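S.K.: Below, each chain spelled out in residue letters.
Number of protein chains: 4
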Amino acid sequence: MIKAGIIGSTGYAGAELTRILLGHKNVEIKWLSSKSYTGQAYASVYQNMFELIDEKCVDDNMEDLAKQADVIFTATPQGYLASILKEEILSQVKIIDLSADYRIKDVSIYEKWYQIPHKSPQFIKEAVYGLCEINREQISQARLVANPGCYTTCSILTAYPLVKEGLIDADSLIIDAKSGASGAGRGAKVSNLFCEVNENIKAYGVAAHRHTPEIEEQLGYAAGKEIKVNFTPHLVPMNRGILVTEYAHLTKKVSYEEVKAVYDSYYAAEKFIRVLEKDVFPETKWVEGSNFVDINFKIDERTGRIILVGALDNLVKGAAGQAAQNMNLMFGEPEAEGLLFAPAFP
Amino acid sequence: MIKAGIIGSTGYAGAELTRILLGHKNVEIKWLSSKSYTGQAYASVYQNMFELIDEKCVDDNMEDLAKQADVIFTATPQGYLASILKEEILSQVKIIDLSADYRIKDVSIYEKWYQIPHKSPQFIKEAVYGLCEINREQISQARLVANPGCYTTCSILTAYPLVKEGLIDADSLIIDAKSGASGAGRGAKVSNLFCEVNENIKAYGVAAHRHTPEIEEQLGYAAGKEIKVNFTPHLVPMNRGILVTEYAHLTKKVSYEEVKAVYDSYYAAEKFIRVLEKDVFPETKWVEGSNFVDINFKIDERTGRIILVGALDNLVKGAAGQAAQNMNLMFGEPEAEGLLFAPAFP
Amino acid sequence: MIKAGIIGSTGYAGAELTRILLGHKNVEIKWLSSKSYTGQAYASVYQNMFELIDEKCVDDNMEDLAKQADVIFTATPQGYLASILKEEILSQVKIIDLSADYRIKDVSIYEKWYQIPHKSPQFIKEAVYGLCEINREQISQARLVANPGCYTTCSILTAYPLVKEGLIDADSLIIDAKSGASGAGRGAKVSNLFCEVNENIKAYGVAAHRHTPEIEEQLGYAAGKEIKVNFTPHLVPMNRGILVTEYAHLTKKVSYEEVKAVYDSYYAAEKFIRVLEKDVFPETKWVEGSNFVDINFKIDERTGRIILVGALDNLVKGAAGQAAQNMNLMFGEPEAEGLLFAPAFP
Amino acid sequence: MIKAGIIGSTGYAGAELTRILLGHKNVEIKWLSSKSYTGQAYASVYQNMFELIDEKCVDDNMEDLAKQADVIFTATPQGYLASILKEEILSQVKIIDLSADYRIKDVSIYEKWYQIPHKSPQFIKEAVYGLCEINREQISQARLVANPGCYTTCSILTAYPLVKEGLIDADSLIIDAKSGASGAGRGAKVSNLFCEVNENIKAYGVAAHRHTPEIEEQLGYAAGKEIKVNFTPHLVPMNRGILVTEYAHLTKKVSYEEVKAVYDSYYAAEKFIRVLEKDVFPETKWVEGSNFVDINFKIDERTGRIILVGALDNLVKGAAGQAAQNMNLMFGEPEAEGLLFAPAFP
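As given, the protein sequences belong to chains A, B, C and D, one line each in that order.
Note that our numbering gives residue 261 to position 261 of the first sequence, counting from 1, and the numbers run on in steps of one.
Note that our numbering gives residue 1152 to position 152 of the second sequence, counting from 1, and the numbers run on in steps of one.
Note that our numbering gives residue 2082 to position 82 of the third sequence, counting from 1, and the numbers run on in steps of one.
Note that our numbering gives residue 3217 to position 217 of the fourth sequence, counting from 1, and the numbers run on in steps of one.
It cannot be assumed that every hint is accurate.
Said to hold, decoys possible - Chain D regions said to be covered by chain A (calculated; three or more residues, Cβ under 8 Å): (1) 3172-3184; (2) 3190-3203; (3) 3225-3233; (4) 3242-3256; (5) 3274-3288; (6) 3305-3318.
Stated by the list, open to error - Some chain C residues judged to face chain A by a derived CB distance under 8 Å, without partners named: (7) Tyr2012; (8) Ala2181; (9) Arg2186; (10) Ala2188; (11) Val2190; (12) Asn2192; (13) Leu2193; (14) Cys2195; (15) Asn2198; (16) Glu2199.
Everything labelled a hint here was simulated from the structure, so no lab data went into it.
All values reported here derive from a predicted model rather than from experimental measurement.
Beta carbons: idealized from backbone N, C-alpha and C, even for Gly.
The following block holds chain A by itself, in its conformation from the complex:
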């Protein structure tokens, strides 16, 4: 049994992780911590867990908690983990961080986009970017995994094979992303109220969203050079789901079959990536509640561009599911263990 602890277990991502680990046959949840709800029954914060979780939320003294667990998940605000991480902790316990603290290798870029100083840059180099399908080997050896962002996972996986194979000009990439409201978290803000989100769609973080450098870094590795992309997130009136629509110039004339073959060469064996059939485009509802990423593409000969569409559940493959997948890799479990639930419809 893998003994797991979750810091920040009462945010939406933390709660989803709790639910997923609860259904994992080789995981024992040792403690659930929450700054906001310390001392309260977990099930009083998430009544869906009534009679399923009897424990109370504990405070988050990581040094103490580290002694009881094999792995700690941190679903915490930016900067939190960086402010408390020490070698002493990492030498006792593996850490999967759902925040952005160790995702970006260049500290100055992190500090510029996140507008906070990085408190423990010494661990950045060691941290492995936890995009399972791409960094599988390193993840399995890692002590510290930086679990990718929700927009990022979807954006990167959708374009990765084409960038890697040089089929598209990475600098021409425009990513128009749409997300459900759970991505904004459970904080009480006017802008997240039902009446503000419902019956509305808006762009936000235009040319300024923090997931931009993460996408650029990872796709830059694939491209073999520094790249700059446009990334625009939108808030959609639904609970879960991310859809990305990506536009890029093809570097040469290619057929549907050639592009499909490239995708298949990367993803045909992947359990959690489904490249859909011709002219069937991803919908977030088809992956809701699952760890799948659905992907497809369309060549537009009129403009010489290719349009890519990807979809995932932001709380599962975009957060908690991928975190559990990383855990499986790190502890030698079958990679899909505890994650093979089918999407529900409707």
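Chains B, C and D: place on chain A using the hints.
M.R.: Showing chains B, C and D alone in chain A's frame:
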């Protein structure tokens, strides 16, 4: 392995049943039938099942299909099963019917409320009403189970202990029910369009809904007499979930603790019924995607009434989940096998 | 021109009132006050008003503001107006209060249900309950109008003629009410977040909601005696709209035509009350954005009860529209002036 | 009084037009036609119009109906108007066509994208493209106006000044559009059911949507050359609203102030176009129910692109409101008559 077939597998209830049986470790789905989509890949009708179900939908010749299965689920329109059921079929295969054909013991009441003649009344007596928590023993011996309606399951289980114990006057019972749109099925009707349902709530079937006699019959058994209730369903702009708010006169002055003790004596050992803590009232979101029924109550001393609130997922405990639970009982599987998934939030 | 000021203009009700008065040809808005947004451009708080309202929100020194206006609307938290109202103010300006401070004649009942002391009980007797269709005459003479609650307006108008004519036993009345989320206001609370409200329905304030005594008082006047009712509100995932479903025992056997005639005798001449055609039941979408109340009923001979259904837009007839209607009455304007917009669909 | 008739008055756009004309002080609606509901009371099809519209829907014999009206609006399927239009009709009555029949000047492009033969190409040249802010003069002289599409109006107006002034490379334009479900009409299709649209977002018509050539033609006029753009529509779970996010290469280095000045030079005097303040991006909720288009932009120096965002209500400025605005221009009414309602929030 239990070999299962589903007739009507492309309606919402049939699709949910398909999803649930797919995750059941002792069930093998032998075929999926669909009148509307015969010959088409199941996953082209429900793209969430892409790469999970490769089969095509078959036509529904029940006599042929019966030879391949141990149990047949019929998620079909009213009157369909009654029109084709024969002893020859029932002697080969167990049947769990998600339609209303065998729910009501008095044919004349069935024919009055459903406005169709019953084509095989000879099987009505044998059919067991598949409300697992109440008829567990008979279900385990049955060849033919009438799986209860979604509104009905929620309405009955919420009031059952109090009616059975005579704590409320069953004739004073008023059931105000609210349902998500999946209860209306996948048929293409103007009234079910997004723009008609969204941002709207309405009552329908006022004093005339077909689930009324089913509730009256079952709670009448509990009361030991014929009863008449008011039942009013409402359509709520959400996909899943039923909430019932029930009002009844208390037959005597009782305390919270006394009523709670009655509920506990019936439900404390039930895996899928959760009586919530004092003053915590059920919300459909807390049971979404699960087989749970959540229940609570409030005594109003000012009016001498008690208010009961119950919630379930209409496609799970209100249809497919309960059907699978019935199957488990009929085949000697652990009752909760394949049904122990936690509700997701949000 | 009627010079109007709005205190609490940045809540949802205050904003709707601002929008309605903006379209009223004989009203000039003199100032908009807001505690939370003092000094900010109104249109920066409600961007829908960009280029339509250029003013900034002012602080709410009522004594100063009273000098500039003929009428003040207070869309403020419970207890606020009661804490500052003085004869000096009332002698200068008429007041229409959208809070509950002067709705209930018995101070002890107010203090019991609202759990706050009443700071200016001396004005309670003078205040007129602003249900236009019932208290039209007194409203036209009033200095201080207590604008009814949203649930209350719908609940009372739906049952009023039958209670007044003694056709139903008022003590048997059960009101099951459903509201959109704007009724909960614009305060930043976790329970009002999109992901908490969306895809969910719940009861709240069971046997304890503050609108109960208001309904009991007003329908008690109609019944000519003190009455007790059950009132249960529910939160529905939509922005606007209230639907009430009411159940009561008929005091004698009556026909559809007899009940219809009673409704018509009260409401046929009312511009904002529509008694629908037989068997057509109100839906909130049909009144959205308008000042209408839609009503219908169904006699259930099986149980001897009648089921009443009423619908309105909680921000219009349930708050701001009714406030404007009261203003029209108080200032001798045509009662429907500025309120004759048709409901939009979808 | 302008005597108006509406063909196709029971679709969503026709119904919105009916509602808008009902509130126009100089319009008298002479008849409402509907193929699907001929002979039925209009208010039984749209219950929101109960007691507001007493007429029944008539059949659509255009030749007869033309005699009774000054203007006919056709909110009909593609090809319908083209199949019946004759000089005889046009010599009696002005026509505003909400379908695509006369929007595209090149018949072969129309026939290629719409896959139907054009039955009356002789009127194409005469027809004026009814984008009021751009073709105001010609519209005021026209007998036949081709009312623009919803996506098109938003896409064009958002980019027009920058294309016209050569600030962006029109061939680099990528338009990622998001629409509410009312754009899909009131036809009963599975894909438009509540449970299919709700909690879901999808792209459709990828690289193949019919509004593409309309955008290319109109922006081509502005660019002074033929252009090709990418246009991808998405379906968003909300009733109304279109948001477009557009990406283009700047042709030279420009400042925020310079771009803003360009927009202002085109739109500052326009009543229905609001260029928002710096860094405030349009949201569909802010224009809902109004005839406004909200627009803003962001220069991304990192990539050399500019991101434009536009929003409108697809049924108002995207259909019925613009049709009424065109009517005002054609009949010498003040252009904004009957259209000056403020957006409602929430």
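S.K.: With reference to the structure, classify each hint as holding or not holding.
M.R.: Evaluation of the provided hints:
no. : hint      : in the structure
1   : 3172-3184 : holds (count 4)
2   : 3190-3203 : holds (count 8)
3   : 3225-3233 : holds (count 4)
4   : 3242-3256 : holds (count 3)
5   : 3274-3288 : holds (count 6)
6   : 3305-3318 : holds (count 3)
7   : Tyr2012   : 7 Å, holds
8   : Ala2181   : 4 Å, holds
9   : Arg2186   : 6 Å, holds
10  : Ala2188   : 4 Å, holds
11  : Val2190   : 5 Å, holds
12  : Asn2192   : 5 Å, holds
13  : Leu2193   : 5 Å, holds
14  : Cys2195   : 5 Å, holds
15  : Asn2198   : 6 Å, holds
16  : Glu2199   : 6 Å, holds
Violated hints: none; the structure is consistent with every hint.
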